[in-house]
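Sequences are here, hints too, so could you generate the full structure?
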Amino acid sequence: MTIILNHFSAALVFSIFASIVFGITHKETTRDMVRYGLYCFGLFLGGVLLAGWAMWVLKR
Amino acid sequence: MANSTTEKSKASAVTVSAMSVLAPAIGWFIPGAGHMIQKRWIRGVLLFISIVALFLLGLAMQGRIYKANGGDILDILGFVGDVGAGALYILTLAMDWGQGAIAFATADYGTKFLIVAGLLNFIAVADAYHIAIGKKQ
Chain A
1 MTIILNHFSA
11 ALVFSIFASI
21 VFGITHKETT
31 RDMVRYGLYC
41 FGLFLGGVLL
51 AGWAMWVLKR
Chain B
1 MANSTTEKSK
11 ASAVTVSAMS
21 VLAPAIGWFI
31 PGAGHMIQKR
41 WIRGVLLFIS
51 IVALFLLGLA
61 MQGRIYKANG
71 GDILDILGFV
81 GDVGAGALYI
91 LTLAMDWGQG
101 AIAFATADYG
111 TKFLIVAGLL
121 NFIAVADAYH
131 IAIGKKQ
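Those protein sequences? They're chains A and B, same order as listed. Once you know that position 45 of the first sequence is 45 in my numbering, the rest is easy, because the numbers rise by one and skip nothing. Once you know that position 73 of the second sequence is 73 in my numbering, the rest is easy, because the numbers rise by one and skip nothing.
Pair by pair, the computed Cβ-Cβ distance ranges are:
hint	chain 1	residue 1	chain 2	residue 2	range
1	B	Val45	A	Asn6	23 to 33 Å
2	A	Lys59	B	Ser17	55 to 65 Å
3	A	Leu58	B	Ile133	40 to 50 Å
4	B	Asn69	A	Ile4	24 to 34 Å
Hints in this document: simulated from the structure, not taken from any laboratory. Even glycine gets a Cβ: it sits at the ideal position worked out from N, Cα and C.
Here's what the structure looks like:
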């Protein structure tokens, strides 16, 4: 079985799972885990969008 | 009085040591299991789902698994990342999966997913160890 994800979908999936693991392993309380996980997710996705636009600017 | 206190702290030290070895070991072999045996069920299940999903997606995207056959430094680093997945890595080698497929553009993403799943499991193992030694709740 082969799954083909586009670039953004792959980045999204990666961000979700990595953020869950980071949230659990870096914080103590449930509230802090959820907040940190969401923060990491935002950074991952924001980084992907920023890098994409930066590459577009460079290509121009 | 003093003797019974000393004996109790020695007993608790022995208990902590056994779990401090068992939890990381079992956590490496089965992602999240190091947390589950310490009764952190939700954390363990979430870690299991996240790491296993990343690994299986990596295989499904025709990613390549690295073997311990030396080669250049990037191959060695890839192996170090992959081996972090524990039983998943062993099963992949045994079933001859993870051959990689240059034909698929996303196979490169798959290779990275496999490596990152292993690296995330290393982080989870360290977390299980910290819980076992009482450094973290």
